[in-house]
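Starting from the given sequences, assemble the full structure and let the hints guide the process.
Line by line, the protein sequences give chains A and B. Just so we're aligned: the first sequence equals residues 1 to 200 in full-length UniProt numbering. Just so we're aligned: the second sequence equals residues 1 to 200 in full-length UniProt numbering.
Negatives, chain B to chain A, calculated, CB over 10 Å:
1) Arg-18
2) Arg-47
3) Glu-59
4) Arg-72
5) Gln-102
6) Glu-132
7) Gln-140
Residues from chain A shown here face chain B by an in silico Cβ test under 8 Å; the list is partial:
8) Asn-33
9) Thr-34
10) Leu-117
11) Leu-158
12) Val-166
13) Glu-168
Everything labelled a hint here was simulated from the structure, so no lab data went into it. Glycine included, every Cβ here is placed at the ideal spot set by N, Cα and C.
There are 2 protein chains.
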Amino acid sequence: MPDDRNSPKQVSSSGRERILDEAEHLFHTRGYNTVTMRDIAQAVGIRQASLYYHFPSKEQLFVAVTERMFERHRLGLQQTISENEDNLRSQLSAVGAWFISQPPIHFLSMVHTDMPLLDAENTARLSACSSECIFDPICQIFAQAQQRGEIRNVRPQLLAGFFLSVIESLPFATTFANAAPKEFIVNEMIAVLLDGLMRD
Amino acid sequence: MPDDRNSPKQVSSSGRERILDEAEHLFHTRGYNTVTMRDIAQAVGIRQASLYYHFPSKEQLFVAVTERMFERHRLGLQQTISENEDNLRSQLSAVGAWFISQPPIHFLSMVHTDMPLLDAENTARLSACSSECIFDPICQIFAQAQQRGEIRNVRPQLLAGFFLSVIESLPFATTFANAAPKEFIVNEMIAVLLDGLMRD
DNA sequence: GTCTATACGCAGATAGAC
DNA sequence: GTCTATCTGCGTATAGAC
Numbered sequence: 001m002p003d004d005r006n007s008p009k010q011v012s013s014s015g016r017e018r019i020l021d022e023a024e025h026l027f028h029t030r031g032y033n034t035v036t037m038r039d040i041a042q043a044v045g046i047r048q049a050s051l052y053y054h055f056p057s058k059e060q061l062f063v064a065v066t067e068r069m070f071e072r073h074r075l076g077l078q079q080t081i082s083e084n085e086d087n088l089r090s091q092l093s094a095v096g097a098w099f100i101s102q103p104p105i106h107f108l109s110m111v112h113t114d115m116p117l118l119d120a121e122n123t124a125r126l127s128a129c130s131s132e133c134i135f136d137p138i139c140q141i142f143a144q145a146q147q148r149g150e151i152r153n154v155r156p157q158l159l160a161g162f163f164l165s166v167i168e169s170l171p172f173a174t175t176f177a178n179a180a181p182k183e184f185i186v187n188e189m190i191a192v193l194l195d196g197l198m199r200d
Numbered sequence: 001m002p003d004d005r006n007s008p009k010q011v012s013s014s015g016r017e018r019i020l021d022e023a024e025h026l027f028h029t030r031g032y033n034t035v036t037m038r039d040i041a042q043a044v045g046i047r048q049a050s051l052y053y054h055f056p057s058k059e060q061l062f063v064a065v066t067e068r069m070f071e072r073h074r075l076g077l078q079q080t081i082s083e084n085e086d087n088l089r090s091q092l093s094a095v096g097a098w099f100i101s102q103p104p105i106h107f108l109s110m111v112h113t114d115m116p117l118l119d120a121e122n123t124a125r126l127s128a129c130s131s132e133c134i135f136d137p138i139c140q141i142f143a144q145a146q147q148r149g150e151i152r153n154v155r156p157q158l159l160a161g162f163f164l165s166v167i168e169s170l171p172f173a174t175t176f177a178n179a180a181p182k183e184f185i186v187n188e189m190i191a192v193l194l195d196g197l198m199r200d
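As structure tokens, this is what we get:
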């Protein structure tokens, strides 16, 4: 917590943070376009116009929300990966558990539906942020496993995309009536992936 | 082509069909919410209000468009699968080629962003339609390969979800600067999948 | 920091002429 | 079948009081 002598109350639950929390929940469950500033204000418990004291526009609020979310994933993934440095299987399993523990990103929806509504500058910002915080860490897992000789030489980017696309489809897959729990699906996926990659 | 004696012009390019064509292109590149009836009318070359002669509402137009698209996939998949009955690898490769030949479905975006804006009844219709036309056929491919003893016993639903989630992420994956062509990615995916499933 | 009030534009849909 | 004209509601954003 920053040492801001002028802050009258706790910094941790400042008005701005409460807005970011509620906005994140709404944006990433219903999408940028569908959520209105009134929805967010109502969730926070203030009036719609009051949001504009904290954020200059809906778009800037969305960017702030999304960057904070990506950054949280970057830290979470970094810690998860460093705690399981022994082998690829345990790393992937831990990473899967990390994603399951977080609200779904709905990355494809974000890229396809939300991003095109933003300024070109903000689109570029968020794209870069998503690569650094999510895609690159997963890539590194596979790249390092290859350096250790643990798996065959398939392009890490391909494998990372592979892995993430299945993770992303989990929220949908588990809407089926007879769906298995998320943890089961992820581990099954990892098993299929590795039994094809492992040298016997 | 149906034998409609009263049709004054060719049925193939009737006004209704032209609207469906343009609406499909717009809806499935930009999403239900973002596309306006004026956008569709402009693409067709008529005025916005004229659309309401053919379809009672934007929602019904979207449902008609999406059902027609799913049905096209059902027929395309059926033919593709029947033309490659020998083994799983050639079937999957052909199915991958089929999906690449079609405009992306953006299924996850549709479920996450578009569907919740529709009536519960229409949501149910489209969900059922997507299962019958897309999910079930892919499931059958894997189930039959298991019956032939070609692959291990992993739940076909899991493998179908696996396969489709990667197909769905192709439009995104190929936006990267140094991206490989779609065909390459799909075949690489199939190779990883099968080398883990094939009995050696 | 939050409020009320309001300006402004846009999107879906209807009415009725041709 | 397509048009013009219009109604209605909603969403973002601003102005200014407290």
